[in-house]
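Make the full structure from the sequences, and use the hints.
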Amino acid sequence: MSKLLNRSLKTFIIYAALVLAGSIPVYYVAINILWKYEQLEHQIILTPEAGREDRLLIVGAVTLLTVLFFALLLTGFILLNRRISQRLWQPFYNSLAKIKNFSLEQNKAIQFDKTEIDEFAQLNQSLDKLITGNIAAYTQQKEFAENASHELQTPLAIVQSKLELLMQSQQLTTAQYNIIEDALKALSRVSRVNKNLLLLTKIENSQYMEKDTIEVQELLANLIPQFETIAAGKQIILTIQVQAAVSINGNRALVEILLNNLITNAIRHSEAGSNVLIELTPNSFIISNPGERSLQTEQLFKRFASATIQQPGTGLGLAIVKQICNRYGWIIQYAFNNGRHVFTLHFVQISF
Amino acid sequence: MKILIIEDEKELASSIGAYLTGEQYLCEYAETFKDALEKLSVYVYDCILLDLMLPGGDGLRLLEEIKYMKVEAGVIIISAKNAVEDKIKGLQIGADDYMAKPFHLSELAARIYSVVRRKQFGNSNIIQQNEIRVDLLAKMVYVNEKEVTLTRKEYDLLLYFISNKNKVISKNALAEHISGDVADMFDNYDFVYAHIKNLKKKLAEAGSGNYLKTLYGSGYKWDI
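Taken in order, these protein sequences are the chains called A and B. All residue numbers for the first sequence refer to this note's numbering, where the first residue is 1 and numbers rise by one. All residue numbers for the second sequence refer to this note's numbering, where the first residue is 353 and numbers rise by one.
Hints listed in this document are in silico derivations from the structure and should not be mistaken for laboratory results. Since this is a predicted model, take the numbers as computed values, not measurements. All residues carry an ideal CB built from backbone N, CA and C; glycine is no exception. Incorrect hints may have been included.
Unchecked claim - Beta-carbon label-pair distances, calculated as ranges:
| no. | chain 1 | residue 1 | chain 2 | residue 2 | range |
| --- | --- | --- | --- | --- | --- |
| 1 | A | SER169 | B | GLY408 | 27 to 37 Å |
| 2 | B | ASP387 | A | GLU151 | 16 to 26 Å |
| 3 | B | GLU380 | A | GLY329 | 34 to 44 Å |
| 4 | B | ASP387 | A | THR139 | 28 to 38 Å |
| 5 | B | TYR545 | A | LYS108 | 48 to 58 Å |
| 6 | B | GLY408 | A | ALA148 | 22 to 32 Å |
| 7 | A | GLN171 | B | LYS553 | 29 to 39 Å |
Right, here's the structure in full:
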């Protein structure tokens, strides 16, 4: 890749160098012929040594002059080319800088500078149309997700309350009770998906912006007890190894959700009797649990990529993890090592 | 005890009312901001359930009014928004609790019970149910004046049952109650069994009657 301005300049220079290099023998031959003619006309006879000396002198002078003019020409070209092109392409560079800084999430339209050049004006206009359209679509999508989730909460609450009332009926058979319970179970899954969708859109909509300094080992110590009952119920051993105290900057609620989701996944996808290992190193949080085969890495962090009938999650847990990592520039990685699923969360910002 | 349900979704309000009415509560309803204000200025309630999104005014504003009127009742916000800011703001203005829709009716009953007790029985907060006595402040349980040592979760479950007496409670609702937000990420609620089994055993050993019944295989009821 080379810059636009350098590209035209290079061609110019090569062409000029070729012409000038070609001109040296032409000059030489022309001057030689003239000189011979003058010698004949004025009947000057030179000794072979003097003739050779003259030829050398001519060659020297011609080369020197050519190189001198070439240098002059070259500098002129470079300077002129740079000035003209810069002025000519300025609107283009302006627009380029603006697009580079554009991010859809910031929801800010771009104001392009006015330009007198028709092509650039057209370019800016088309870009403007494209970007405005994108922003509108993005906003609409966000609003839709948020509104839809909100609107669903109330009917969900009504259905749940009605089912729980039905449960209070005096003459229920066990079969009827089980039907109600199954319905409630499915309903609670819908509520969960809805809650997580709402959370995702809220993170995308730049909510949860307050930041705190969080001591990860303290947060972990607070979170772990809630998992212990569930882990114990599944006969899963939770091991926590804190190798270093880690202090990070972020929103407390979001970081809690992030860790909760990772821990929940590890416990949920572990067989009875297996162990879930949580490690905290100076720069990372690592959680691993035994598994049979590697998960599909490229699908893992996408929405609804993992939910199957056998594993009734919401399919949003890891998408939320990813989204939170993105906000703070943290990196989440998955690997399958020695029969274990390993999720590593690097708290260090890696600059690109 | 009187409860005012301020909720514009009639169906939800009537479910809540139907669940609470009977044992010890009397429910009244308000559907709008104005309606609620009128009722509050005339009657005295023990607890107010407040939906934040009401026609004719923001629920938080109504909460400010309630506090301004120096209404004694405990206030529980029920909201479809589940926004952190709303929760913080509501609690700051003076709400006693916050619940996000959808919720379990049994959870709501437990919260109402707790709010009402806190408001009304400040210093000597004792629940007596036949031979069982619960000291809410000391978090102690006695059967026939003999102390029963319960774990935190068993104690929570006991209170949950007492505040939902004679109601059928699903395992699901119990799991969410004792494990908070984490429980609803799991589909296996077997861990609830162990706690209930232990609670039952400890109460029985101390000489309490068998109030905690298992129904239909996986439901529970505090039968009294």
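Next item on the list: Using the beta carbons of B/GLY408 and A/ALA148, state whether their distance is inside 22 to 32 Å or not.
Entry: Holds, since B/GLY408 and A/ALA148 (Cβ atoms, about 25 Å apart) stay within the stated range.
Check: Could one say that the CB atoms of A/SER169 and B/GLY408 fall in the range 27 to 37 Å?
Finding: The hint (27 to 37 Å, Cβ to Cβ) holds, given that A/SER169 and B/GLY408 are roughly 36 Å apart.
Next item on the list: Starting from the range 29 to 39 Å, see whether the pair A/GLN171 and B/LYS553 falls in it by beta-carbon distance.
Entry: For B/LYS553 against A/GLN171, whose Cβ atoms are near 31 Å apart, the range 29 to 39 Å holds.
Margin query: If I claimed the Cβ atoms of B/ASP387 and A/GLU151 lie 16 to 26 Å apart, would that claim hold in this structure?
Written below: Cβ of B/ASP387 to Cβ of A/GLU151: about 23 Å, so the range 16 to 26 Å holds.
Next item on the list: State, for the Cβ atoms of B/GLU380 and A/GLY329, whether the hinted interval 34 to 44 Å holds or is violated.
Entry: With Cβ atoms ~53 Å apart, the hint is violated.
Notebook entry, point to check: Has the hinted range 48 to 58 Å been met by the Cβ atoms of B/TYR545 and A/LYS108?
Noted result: holds, 54 Å
Notebook entry, point to check: Does 28 to 38 Å hold as the CB distance between B/ASP387 and A/THR139, or does it fail?
Noted result: holds, 36 Å
Checked against the numbered hints given earlier, this structure breaks only hint 3.
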